[in-house]
Every structure is written in structure tokens, then in C-alpha cells.
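Given these sequences and hints, build the entire structure.
Number of protein chains: 6
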Amino acid sequence: MSKPYKTILITGAAGRLGTELRRGLAPLADRLRLADVAEIKDLQPNEEAMVFDLADEAAVTKAVEGVDAIVHFGGVPLERPWEDILDANIRGSYHIYEAARKHGVKRVVYASSVHAIGYQTLEAHIDTDAPVRPDSLYGVSKCFVEALSRFYWDKFGLESVCLRIFSSFPEPADRRMLWSWLSFEDCTRLVTASLTAPRVGHTISFGLSDNAVKPVDNGKAGHLGYVPQDNTERFRAKVEAEKPPVDPKAPSTLYLGGWFVDIGHPNDEASK
Amino acid sequence: MSKPYKTILITGAAGRLGTELRRGLAPLADRLRLADVAEIKDLQPNEEAMVFDLADEAAVTKAVEGVDAIVHFGGVPLERPWEDILDANIRGSYHIYEAARKHGVKRVVYASSVHAIGYQTLEAHIDTDAPVRPDSLYGVSKCFVEALSRFYWDKFGLESVCLRIFSSFPEPADRRMLWSWLSFEDCTRLVTASLTAPRVGHTISFGLSDNAVKPVDNGKAGHLGYVPQDNTERFRAKVEAEKPPVDPKAPSTLYLGGWFVDIGHPNDEASK
Amino acid sequence: MSKPYKTILITGAAGRLGTELRRGLAPLADRLRLADVAEIKDLQPNEEAMVFDLADEAAVTKAVEGVDAIVHFGGVPLERPWEDILDANIRGSYHIYEAARKHGVKRVVYASSVHAIGYQTLEAHIDTDAPVRPDSLYGVSKCFVEALSRFYWDKFGLESVCLRIFSSFPEPADRRMLWSWLSFEDCTRLVTASLTAPRVGHTISFGLSDNAVKPVDNGKAGHLGYVPQDNTERFRAKVEAEKPPVDPKAPSTLYLGGWFVDIGHPNDEASK
Amino acid sequence: MSKPYKTILITGAAGRLGTELRRGLAPLADRLRLADVAEIKDLQPNEEAMVFDLADEAAVTKAVEGVDAIVHFGGVPLERPWEDILDANIRGSYHIYEAARKHGVKRVVYASSVHAIGYQTLEAHIDTDAPVRPDSLYGVSKCFVEALSRFYWDKFGLESVCLRIFSSFPEPADRRMLWSWLSFEDCTRLVTASLTAPRVGHTISFGLSDNAVKPVDNGKAGHLGYVPQDNTERFRAKVEAEKPPVDPKAPSTLYLGGWFVDIGHPNDEASK
Amino acid sequence: MSKPYKTILITGAAGRLGTELRRGLAPLADRLRLADVAEIKDLQPNEEAMVFDLADEAAVTKAVEGVDAIVHFGGVPLERPWEDILDANIRGSYHIYEAARKHGVKRVVYASSVHAIGYQTLEAHIDTDAPVRPDSLYGVSKCFVEALSRFYWDKFGLESVCLRIFSSFPEPADRRMLWSWLSFEDCTRLVTASLTAPRVGHTISFGLSDNAVKPVDNGKAGHLGYVPQDNTERFRAKVEAEKPPVDPKAPSTLYLGGWFVDIGHPNDEASK
Amino acid sequence: MSKPYKTILITGAAGRLGTELRRGLAPLADRLRLADVAEIKDLQPNEEAMVFDLADEAAVTKAVEGVDAIVHFGGVPLERPWEDILDANIRGSYHIYEAARKHGVKRVVYASSVHAIGYQTLEAHIDTDAPVRPDSLYGVSKCFVEALSRFYWDKFGLESVCLRIFSSFPEPADRRMLWSWLSFEDCTRLVTASLTAPRVGHTISFGLSDNAVKPVDNGKAGHLGYVPQDNTERFRAKVEAEKPPVDPKAPSTLYLGGWFVDIGHPNDEASK
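Protein chains in written order, with UniProt numbering: chain F, 1 to 272; chain D, 1 to 272; chain R, 1 to 272; chain L, 1 to 272; chain B, 1 to 272; chain H, 1 to 272.
Hints are not guaranteed to be accurate.
Unchecked claim - DSBU-like, lysine-lysine: derived pairs with alpha carbons at most 30 Å apart:
#1 H/K249 x B/K249
#2 L/K220 x B/K238
#3 D/K102 x L/K249
#4 D/K106 x L/K220
#5 L/K220 x B/K220
#6 B/K238 x H/K3
#7 L/K243 x D/K220
It should be emphasised that the hints constitute simulated quantities derived from the structure, not laboratory data.
Written as C-alpha cells, this is what we have:
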């Protein structure tokens, strides 16, 4: 059976999740093209690598040539001063989408984030149609790309899945992650489903494992066919022993974004 | 323990699903009365058979006499010229409901179809209250019977369950069926639940196995107690090897009705 | 300024509303073609008339030739035995839609009825997306045409507006009509809006004047641009003086369909 | 690992569920303080007991001193004359909440009941935001406490979970309980989740095991992390053999409250 | 034309709104029976008066004898210590409803209050089905009567309209009242509509004039036929000149309940 | 009576709407500070002007100093190449918000656009919570500012109203504007309401006059108190005489964005 794609470009391929995806997505394409600002040294036979900055439009355009799907996990992964967010996440993602349009890429899977909706509450149990509530400039940039990718689908027919990943780490590191965790294996399952579902059009999906606490309703992404297999119960005793209980009235407990809601403006922070 | 029903009439009993239901519903009634336009030769001791056309009101009325539940799976099972749809599905189903009213039948389980909502999209993730969107004259006839049965419940107290069956075949035959499949065993479970739930009033339920891709939300049929046990994962590799990927932008991928949306008017087709 | 249509066919043109529409729609077309089972004798210069039965497919097809819009108000206007409903409203409306498709008619305005949703309650304040709840075989036939016309739009691009007219009479005749009344002038406004709105696709609209009691929410038909100008306040004193108060617990008070919910099966009634 | 609470007060501790909770909640607190109108004789080393009436405000205030969580399952457990409901459930629960406020209790878990929504139907599949529909003065008192506890959260920051328990018995005793059952183990799981969830604010949750028939949608309590482990399938054959089928049209089948909807006014009943 | 009612009992008849209603409701009944704890001295020919406390069940029962509708505006009209709320609003309203049931009263119009939903926000634009959020013990007592009256409708068929009156004063006294005002004339219109609508079952309606700022959606009370005629624009300049702007971030600006959300527990306040 | 604001900054003050707002907003502030890339020569006594580019952060910061409200109508007003959109609308608006935060501005009124939701349909009748569907890079930039302003409210307490203006011109210029028109006077009313409502938090409002065709539901902006006074009926005859009917099936008729959905990528267009 032939693989669904010839060449998948993974941006942010040297990052925490990018590294996982190199292994997890190998069965889906003849070739993985890895892009990052950092060099990747352990290239596998099915891989090729390119080092460049997403703000460099020419480099991005070149990297997208010959690609039929993009897994766009690159860019700044947390709150940073405006200029960094602007270059890497806003300008960089525009470069990706515009290159994808020019080169006829079929589908883009984008690492959006819970921080696009970080000021929504657990108790609201929102679905993926709820209005955005970014908790950071980082989150605002995720909202920008969600809107941009919607535009590229509606006008140019470029399919996208925007994954609002909550907390994807080797294991839950604190009490919040007992409900916000997305295991690496489930993350791979989610990206795989996004790449292989018969039609995605423009889809937003939350990125969570099957944890006991259910903060949101992912029903409107049901056409992806994502079935999480992990949950945090096996880590519960350890986390609860090591980490003190949270304050139920603290903003970081109330809001989906967690401690992101507590940080100030990044340009203020940077000047401290 | 006595069985819930004395005599269940199964229409379309010689058909694909009718044949399955003969075996599956045997535990629910002392006697199964089998109706079809075709003769059934392998009658079991608990069965009796009648051969007639649903358009024949007198024959239908006679067949319903002494019956306390009807599993109405008869009629034209796919797109056909208007006159056939009219006779078998519209007039025929009216005959069934009117006979059921006259003879005091308690409950009817009707094989409606995904084609009553074939122009709804997967991405809409509709529930059973969403407006109808038939994709064929066949689908229009299903909408008619859903409305008719609602009327017989609201005014005459005759309970009905309308099952919007997606694709019930021995196994998924193409990529669409990887999400639209209803296994025969789950079909039997669904009809059984419909016949034994404490109260159904007038209920519409989707008919799907527990496949990974979830196209619709069946929560409003939760009082039936239907718990699907099958899914298509064990067929996935085979189907994906044998069938080419679908075009994500094709109407037959976008809409729940699949290839039904591609066919023209049946009276045109018939004249080709 | 040229008129929006060349020839509008009005079915049921000899009826109560048809007669009003002859006058009201004259400004919209060069020519009105009037169809009815009864002969119309007072033809105006802009009118032409045809006498035939909607169940006669050949006659319908002929009447639709050369027409660019149809105002389909013909058929049985209240509860009748099944055979009458079947012939005039089900078969007859199919003939209209199929002829419209064959002759390239642009838009159909159909007189649906509150009786398509007669078993919905005032207190539910439904909108036009709520599931149908017919209160009569007459109402079931209206549901059929709503589904049929949806199909003709989704598959063949034939635009339709289905008007769920409540009570269109010269003046409110009982206490229920104090809230269910649609004045003749507002009826004409509603049909005119349906014929001239820039796009209707397939639209369902309630048909009511601007009465104080608001039983339903017509917001989803807001693209028609219908602005009612009448209400029943000037009739209130007279009606309340002449008609006794209703029983708040009677089904005919509870349900939108009024006294239609009290009548039995028309075939029983016919045999009385 | 230290326990989440120092002292939990359980009211109604001598009752059916209270007895279960003594065992089930032991792991959550250093000490359980048991309150009831009846004396409890089998005190365990981690337990202390107090005998008093909830209508006695001074006694309640004293019992709450030194407590950091309250599991309030005391009061009249079924329909009773107004004066009893008033004293035990309305005045008694006010005493509990006011004492909790004065003594700085962190969280209250309250045994509300399906009878707060007993006149909602299975077919409506309500969620926890649906309007209350009490089926008894008992149910009205549950609505009162749900509103009172909401007030204590919104104004004074006292967290509460109101559990609308359906039928918590050793095993399903009739056909209704096949869908309304909450096993004792699941009841303990639900109270435990309510006491240990990171934040509850004011949450209403249905109390049901994972039975096949799903009468309601508990999604908006998903932040509790309650995962039921039991269902009634293993009791089905026995119950169906012993209990006759229900009448699908009986009010006690239609409404969530079951036979509570059939009983008259308790003060009438008391005078019989 | 005969009047709709023979005798209407108005409780709280000596109060601000009660006094208005004496005049406004005169056309609706042959006789008005006025009840209050205070004596009413200016009795009109169509009026009779009774002085008693709502907590006195025997007196209430006597006052309801011979009455066919009750306009229940009596009780404590603002935040007060628990014992007062309990006696006048909770016990008192129970007495009213129970007497109404015993004496076959047809309809009750109850003065509920915005304070039943005082912790909902303007920006939420709730409708009348939204969950209660009382801002005071006074508000909790309003929630209690809304639930109690629902019970009396569902089980005993006693119709009720609960009016969530916002601010009914001679004219808007502060900036909040520019949107929360209900003129006396509109109040009378609303009570009149509630008494004369063909069916109310159990209805909750907001009580507001047609002010420019629309804080809530009253569509689900559309069957009352209430059409407000007043608004606050003619008072705007005066109020804005006399009253300083509000703080947009203050809780009393955010929440529907206004300054009620700022007051503490009434039993604390009483002891100050 | 003192004015609500000391100094309002109007950006885009030399533009079509900016010119109107100079006159319309004069009563709301002691002083209007006018900003534009073009020089304004007809300064009134209450006005001062500054000429700068929004991409110049230092100039923006300086212009915001001493201002207590901003009416941000500046930036690129229609589709343009990415670099222009990026500089004027994305970077420029960030500069405005960041300067507003630093200088303690109380409220910002932002000219968002229908093009943020241009790919939503009339028939969907969306409200302001519906997901964004930009029809252009221009529309994407509007989505960016809506998300950015939400962030500045949620985290820094800076109030904003985002006005999704449809078509604000002297009079309706084509058939689409018969429903999409916002008169200049209504535009001024809407901005005035946004500046004077007691609390706006972060509000999105559609910007439309009271035209007969209602494409959207603005109920969730009801706390602004905007009451449109104009509609297009007086222009209808003229427009319909001059402009040909639209094609009901054209994308520019279907979608709210009108002809914006027909234009290609602006960078392609620019290179033509």
C-alpha cells in the first residue's frame, strides 16, 4: 500500500514535539523534510533537513517546494516580546501558508494552542466554535493563524487542521496537567488523524488525552477520527504527592490557560 | 420470562437487513410474521410469511392484524423513479401506519436513512433535531415517513423509532463506510433497543457503529439504550489498500449522503 | 424600471389568498398566469387562466412552460381524506417542482402552513429550524413539500420559500387569531419579499402579522426583508366581546395548530 | 502524602448513603465528623459523632466548627408534609451554609436530587443548566438549596457541588432504576471527585452510573473528573423477569422523577 | 363585555407597585381584594381590604377564598435578615400557593425580581431559561417561589407568571435605571398581559420598559403579548447631569443585580 | 454637564468615516485629537491634528499621551498586499493598544469590518459569537485586532468595542447595500453608544442601519444601547432602477462579504 503523502514538511522539527513527530509520522510519507532554526544531526534515511528562520520568506518558499503536506509546529513556543512573536509566528506563518498556496500543498496541520482560548474557563466547557480568548501575545498569534488558515481554506481551498494543544510533555508535571495533558503518543495519533481523515476543510481540534477531568467538548472535530488512548490516572498519586493543592479561586485554576494568565506583558517582562 | 411481544411483523423480511433481523429479533417475540414482495422459503418454526406489495392497502391491513409491533424495513431501498418511490415508500408506509393505528399496534421501528439528511455535512455534526436535507427522492420519502410517524404519535399515541441507517453491510466496502458503517450485529442491537426501551414516544436515532470518525451526535436518542459494540478499525488496512483516497473537496466527501448527492433526477436517469 | 419577472404562475388562484395575490403581485410581473380547478371569470388584462387538476402531471407541465416564478398556493387547504391529500398536495406538488425543474423556473413560493408544526407549543417559541410536528395529514403533506423543495434546491438549484402561514383571513375570527393572524396585506408583503429578496436558496418563513403575542421566532428568515405592517389590536375588543375565553389547558390552546389538534383521522371522519 | 482535608462533616451519616460514605470518604480526611438525628453506635477510630436536628441552628453551628468540608446528605429524604420539609431541608440547609460561611469551610457537597428536575422528560436529554422542574415539595426544597448554595458561592466564595442523585440503592429495584441507578461505589466516586477536583466553584452534577440508557447530559460537570465504573446490565435479566413492563404513556415513565410525579400534595396525603 | 375575573386578590396592595396596580387592574375584575400588613384607607367602591401577615396561614387561606386570580406582590421587598425572608417570602408564598390550590384559583401573577438572577451579567444577555443566580437572601426567596410555582403548575395545573421586575419607580433614579427601569404604566401592562394571555402555564418574564440598552432576551415570554410603551430616553440628560458615571469594572456595573451584589450577609448587616 | 471624555483620539480622521466622526463626536469630549497619514486643514477650535504613520510606534505612543479614549478607524481600509496590511493594520493596531495600555486609556472603539466574517452567509444569521471567517487579508487583520483587543481587556482591563461595519457610505450604492448599509448618522450613533455605555468590557457589535433585510443578530451587543434610526427603503426604487438584479447563486450574493469573496490574493493582484 502506498503512503498517503510523498513529502511532509515538519517545521519546528528540532523541538520537543517535532522530535516525537519525526518518528510518529514516518509511516505517512516517503520522505520527511525537517525544518528548524537549529541543526538536526541524527537524520534518518527517510529524512532531509533545512535550517532557516520562518521570518525569511524566500527560505520558507524554497522549503515548501515539492511538499504535499506541512506539519507546522515551528515558531516561538511560549510568551515572548512582541517583535519575536511578530516575526516567528505571525510573519512566519503567513510565509508558510502563502508558500503552501503557491506550491499546491494539500493540507497543513498547525500547532495552535490552548492559549488561543486561555481566558475561557473550565466551567464553561466550550466547544471549538467558542470565541477566542487569548491569554498572551503568543495566544494572539495563534488566533491570527487560525483566522489566516480559515481564509486560505475558504478562498483558496487549502485544507488545515489547527490543533489547540494543551500540555504535551513526557508526563504531567503539575496538578493542572492531570487534566490538560496530551501524551506524546496521543499527539502523534492526533496529527496522524489530521493528515489522514478523508476531509478536514478547516478544522479546529482540541489536543488532549482521555483524562478524567474533561475541560472542553471536542465533538465538532469528530470527523478527524482521533481516539486518544492515554490518560493521567497512572501519574495521579505521584503528582498529588509532589505538588501542593491549587487554590480553587486563583485565576490560574479558573482559566484554561493556567499560569499564562498570571504573566504580565512580555515587553514589560523583558525590560525587567 | 415472557417475551416482550407476541407477534412482530417484519416488512422487507427477504432483504439484506430483514434477513439479519429474522435471527436477531427472534428472542423478542413468540412469533415473527415476515412480509416481502419476494417469497421466503426457509421459514423457521417461529416464523410465518406473507407475500404482498406495500401499495396494496388491503393486504397491508390484513398483515398487520394481530401484530403488536412492526419492524418496517420494506419498500424501495435506494433511488428510483418517482412512481416507484410514491407507491412503495409513501403510499406503502401510509398503509403500514394506518393499519397499525386500526389494529392497536404498540410500536413501529422504521428504517429511515442517512439520505433523509444526505445534504448535511460531516463538519456540521448535526444531532437528530437538525432540519432534514434529503439527497434523493428516496430520501424525501424517508422524510415523509418521519413526519407521518410523528403525526401518528402526537395524535394517536402510536410509538415509533425512525432509524437513520447509514451503511449496513457485511463489512465496509469503501473509504466512506469506514465512518458510515453499521454492522449487522449493531443493527440488531439498535432495533432491539428500539423495541425494548421503556418509552420511545417518537424518536429519531442515527444508525452507526462505534467507528473512530464520528459524523453526528446521537445524544438525543440516549433513552433507547443502544450501545454499539463494533467499529471499522479491523477493516481499515484492507479498505485503504484496495480503495483510492477520496477527493476532500468532492461533494460526495463533504456531505453525509456520499455518492447519492452525485446522482441526477431518477426519472432522468431512468430515461437514459 | 422593468419588472422582476416576466410570467408568474399562481396556483390556487381562485382561492381566498389566491384572489388577494392576483392584485398584490401584479407589479412584479408582466403577466400572471392563473391556475385553479375552478374557472376564473374576471380576468384582468395582465392575466391569463388555466383550469386543471394538480394531479394531472401533463397539465401541470404545460402550465409551467414559459414561467419564471411560481406562487404555489393550490391544493387541498385543510384536513381531508388521505387520497385527496395524496393527489392534490403530494402528487400535485411533485408535479409542480418537477415541471419547474424541467422548464428552468427560478423561484417557487409555496404556501406551507402552521399545520406542519401544529404540535409545537406557543411556549416553546420555536424558530424555523425546529423539527416538524404535523397535526394532520394535511400538515404531513406540507412537511413533504418542504422536504421536496429542499431537495430541489440542494440538488438542482431551484430556489424556494416555504411560507408557514398561520391564519390569513379578512380579520381575526376568534381569540386564537388574535395572535395567529396574517392580514391579506401582510400576506402580499411576505410573498412579494419572497419573490424579490436577492437570494432565498431554500428558506422557511413563518407567516404572521406583527401581533402583540409572539408565538415563534422568525429571525432565520430575516434575509427575506419581510416587514409586517398590521396587527390585531384594533380587532381585540370585538373578538373578546364575541368569543368566550379559551381554556388554557385545552390542547387547542397549548399547541400552535389550534383546533386542528382536536380533529380525528380524516378517513374516520369521512366515514362518519 | 497528607490527606486533602482535616475534618469532613457528614450529615445524614446514619442514612443509607451516609453509611456508605463513612467508609468511602475515610481516605480523604484525618477525621470524619458524623451528624444525624439518630445515634451512630459503630464509631470507627477516625470518626466522631454528634446527634442533633438540622433545624437547631445553634447545634448546627457547633457541629461545623473546626470542619473544612461538609458532605451534606442530611434532611428529609423523600416527600413529606410542608412543615417537615421546611424545618429539615430549608431551614436546616440554611443553617449548614450559614455555619459553613462563619467557620470558613472550604467546600460543601450537597445531596440534591433528580426530584429537583423531576418534571423534565427523558426525551429532552437536559443538561445541568436546564431550568428546574421539581416534582414534589421535597424537590422544591432541593431547588432552594441549589439556589442558596449558588448565592453562597457568588457572594461569599464558598464552593459547592450539588449532586442530583437519581436512584442510589444496593441494586436496581425496578425497571426505571435500570437507567436511573447510581451504585454505592459510583456514589462514593462522585462525592470523592467533588471533594478533590481542583476547582468546583458552584457545580451541579447528575448522579448516575454508566447505564445503557442515558437520560441526561452531564458534560457541564466534566471538570469534576467523575468516571462511573458501574452499570445495570448485570441486573437486567433479573429485573425484567420480576417486574412487569412499564406503560410508555404513563407520566411516571415519561418524566425523570418517576413515581414521584404520581403522588399528590403531601399535606393531603398526610391527612388521609 | 364581562370582565375576565370576578375577584382578584392583590397582596402588598399598600406598597409602591400595589398602589399602582389597584388603579391599573380595576378594568380586569369586578372586585379587587386588597391585602397588606398595613391598613389601606382610601378604598374605592370596587375594592375591599384585609390586613394580615403572609406568615399567618389561616389568614391567607381565608383571604384567598372566593378569589379567581392572585397578584402576589406582597412580602419583604428587599434584603433583610433570614428570619424575615423566611417568614414573609418563603412561608408566606407557600401559604398563597397552597391556598390558591385549595380554593381553585386559576392564575397567579407573582412579583419575582431581577435579584433572582442578580449575578448574571449584562454581557451574557440571558433569556428566561438561564440558571438562577440570586444576589441576596431576598433573591434566593424569589428563586424558591419560582420553583414552587412551577411545581404547582406541573402537578396541580395552577397557572403562574413570575415577573422578574428590574427597577419599577416613578422615574429612573440613577444611571443603572436608564436600562433597568420599568415604568409604572408598563408594569401595569405587563401584569395585565399576564392575567389576560390565553395560556401562561408557568411563565417567567423579565419586567423592563423598552429602554435603549437591552440587558436580557425576553423572547420566551412572547406568548404574554406584553408590548412596553415607555423608555428612559426622556430622563437621560437629567440623570447623567445629576449622577456621576459608573465604574465599568465595578461588580455593581457588571452584574444585573446592581448594588445588591455589594451588600453583605443581611444577618451580619443587621448586627452592625 | 461635563463631557464624558477630556480628549478623544480619532485615527484615520481624514478618511470618509473619520470626517463624519469629527462632527459627530464633538459633544463627547473637550478636545478631539485627529490623527492621519494625510494632513487635515480645516481644524476646528476643539480639534488638534497629528500626521504620522501607524507603523511608527514612537509616533503612536506620543499621539496617545494624554488621551482618555481612542476611536481607532485608521489603517488600510480595503484589500492590499500583505506588507501593507501587516504594517498599517497589524503592527499599527498593536502600537495603538500598547500605547493605550501604557497611557491608561479607558476605552477604545475599533473599526473592525464585515470582512472579518465575510465567508459567513446571510442565511446563517450569525450572532457576534460566531467563529470568524475572513474573506481577505484585510479581514484577517480585523480578526487579529479583535483577538488582540480581547487580550488587552482580559489581562489589562482596557475596554474595547469592535464594530463590524458593513457598508458605510452616503447612500446605498448597489443592491447589496440595500441590506448592508450603515448610514453616517447611525455610524455616529453607534460610536457614541460605544463610548458612553456604562460598561463595554470587550464587545463586538455589527454596524448596520435598521434595514428591512436582517442579515445578522446583534442581540449580544444590546448593552451598548445602539438604536439605529435609518434604513434604505427611501433609496430602494432608485437602486433597483439603476442596478441589475444579482445572481442568487453567486458567491458575492451568498456570503456576507459580498464582492470581497471574488477577489484573489492581493499579492497576486498587485503583480498583475
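Holds or violated: B/K238 to H/K3, with C-alpha atoms at most 30 Å apart: holds (14 Å)
30 Å Cα cutoff - pair L/K220, B/K238: At roughly 45 Å apart (the allowed maximum being 30 Å), B/K238 and L/K220 break the hint.
Satisfaction of hint between B/K249 and H/K249, Cα-Cα up to 30 Å: violated (47 Å)
Proposed proximity, L/K249 with D/K102 (alpha carbon, max 30 Å): Holds, because 18 Å separates the two Cα atoms, which is no more than 30 Å.
Restraint check for L/K220 with B/K220, where alpha carbons must lie at most 30 Å apart: Distance ~23 Å between L/K220 and B/K220 Cα, so the pair holds.
Proposed proximity, D/K220 with L/K243 (alpha carbon, max 30 Å): holds (27 Å)
30 Å limit on alpha-carbon distance, applied to hinted pair D/K106 and L/K220: violated (36 Å)
Of the numbered hints stated above, those contradicted by the structure are hints 1, 2, 4, listed in ascending order.
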